[in-house]
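Turn these sequences into a full structure, and let the hints steer you where they fit.
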Amino acid sequence: ETGVTQSPTHLIKTRGQQVTLRCSSQSGHNTVSWYQQALGQGPQFIFQYYREEENGRGNFPPRFSGLQFPNYSSELNVNALELDDSALYLCASSLGGLFYGYTFGSGTRLTVV
Amino acid sequence: DQQVKQNSPSLSVQEGRISILNCDYTNSMFDYFLWYKKYPAEGPTFLISISSIKDKNEDGRFTVFLNKSAKHLSLHIVPSQPGDSAVYFCAASARSGAGSYQLTFGKGTKLSVIP
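Here the protein sequences come in this chain order: U and L.
Going letter by letter, the first sequence gives residues 1 to 113 in this note's numbering.
Going letter by letter, the second sequence gives residues 114 to 228 in this note's numbering.
Using C-beta positions, here's what the derived DEER-type ranges look like:
1) L:P195 <-> U:R15: 38 to 46 Å
2) L:E171 <-> U:A80: 47 to 55 Å
3) U:L83 <-> L:Q115: 16 to 24 Å
4) U:R109 <-> L:K118: 21 to 29 Å
If you want the footprint, here are the derived chain L segments under chain U, 3+ residues with CB under 8 Å:
5) 157-171
6) 216-226
Hints in this document: simulated from the structure, not taken from any laboratory.
Think of the CB as a built atom: it goes at the ideal place given N, C-alpha and C, for glycine as much as any other residue.
In structure tokens form, the structure reads like this:
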């Protein structure tokens, strides 16, 4: 049974650019949630995808968008990057949106300069 | 407005003693509470949880206590071991309007267990 894998592990982007982060969910999981963890903070909920549809969103602007594919893998896209977007982005997969079955990936460290 | 608060950024405990990590929350709609453990360069891993209808849940060396009237929960680790050294996050869940559950995390407490 494979866990959650995220790519890339580290990324440096320039302010104003766009970025795509990827997540492969754990085998058998059909729900993917994305979290942003800024330095010194706890993870903050961005959104959740269940069966390829967004079914929950936190307090993040529309320039944060996502996709879930038929194999339940997912992408997080961020447009018009700002310096404050620098953070660790965590993906968590689960079955049927059950948070207590969350498996987190190791995250993608994004630095915006 | 922080809905989940972990007021102690760090805690040091001697090996073999009890570690007590605290968490306060403000949202009465939270119905489930969880503790996650995080090592550097790894994602958070689930440790233990408790439903809002219970006041205690135990799993081996880990016990979580919930005091709903005080909106307070705590994680007890007995006995503490050096491998327990990590950042511990308290998290709470509430169902969103779209039917999904989202977790609200505290800022974390860094536990150091001294051999």
